[in-house]
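Make a model of the complete structure from these sequences and hints.
2 protein chains.
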Amino acid sequence: MDVEKALLTRRSVRRFTSERVSGEDLEALLEAGRWAPSGLNNQPWRVVVIEGRGKAEELSACTRYGSIVRSAPLLLAVFLDREASYDRDKDLMAVGAFIQNILLAAHARGLGAVWLGEILKEKRKVGELLDVPGECELAAVLAIGYPAEEPGSASRKPLHDIVLKRF
Amino acid sequence: MDVEKALLTRRSVRRFTSERVSGEDLEALLEAGRWAPSGLNNQPWRVVVIEGRGKAEELSACTRYGSIVRSAPLLLAVFLDREASYDRDKDLMAVGAFIQNILLAAHARGLGAVWLGEILKEKRKVGELLDVPGECELAAVLAIGYPAEEPGSASRKPLHDIVLKRF
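Protein chains in written order, with the numbering used here: chain A, 1 to 167; chain B, 1 to 167.
Keep in mind the hints are simulated off the structure, nothing from the lab. Each statement offered as a hint is correct.
Which copy is meant is left open, because identical chains are indistinguishable; a pair holds if it fits in one copy or across any two.
Computed cross-link-like contacts, DSSO-like style, restricted to lysine-lysine with a CA-CA straight-line distance of at most 27 Å:
hint: 1; residue 1: 157; residue 2: 5
hint: 2; residue 1: 121; residue 2: 165
hint: 3; residue 1: 55; residue 2: 123
hint: 4; residue 1: 55; residue 2: 121
Fair warning: this is a prediction, and the values are worked out from it, not measured in the lab.
Below is the structure:
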């Protein structure tokens, strides 16, 4: 898929078929994330891969979007490693770039995905469930699989609301 | 350019030719950013476009990377709009996704770009120079133009250092 097409047509997908995501696809998503930019190249992102149904079920209890979590054959829990961090603001932006690379790679491969943030209200519990080191702070959960729905319509502010000034 | 090729081959470019970036290219970059995802679709990103040499010169005094700023025919100052913000962590990650979309669109068009973060140490001064509303907080400056150098080699952690666990 062409880059700009991917950038403009990626949408959140919240319902998935039961078809598994292949190991090759999973590796490609992580590889795309890996090449995201970060300040001082500190790469503060960490990931837990969840395909097992038992762990997905436990995670689903941590969010009001549990049905999305249960429906997704692949979940990526993304963490900020606070020990690798040098500037929280910059590192969070880098994690956002990492996530976006993964979402774009998923879209390019015909997978659907959604970036779940509401689950952060239970970030400690999720960290415990996934047994991650204490320095790893939950940043997002990505639910990924083959789409079982057409994404709904999406809207964005017009450019003139985003561009404040030109010099 | 193919999406995955773009995701894997984008590198920071820090020296630019004097060739201007066309209005069409600029619009495509902003359009790519516009379609980034954000929590509650709040789109907390704002941009100031800088092509004029006078303003670029003023900005260059705010960072030790002034030569990059002066060399770039196009600068995009990216801001977090704190009035549009609902959760600082999530909004910073969304701004990171916005920036990454712009960097990828630039790469796809044969442009080079670099994400400058060190300039945030002068975020207030930059906000004043660019005369943005007080609720807009500098998040990054992107320097963009046609590459006058081959990007240097880049490295990333191996996947097994990023993936903490699999369930």
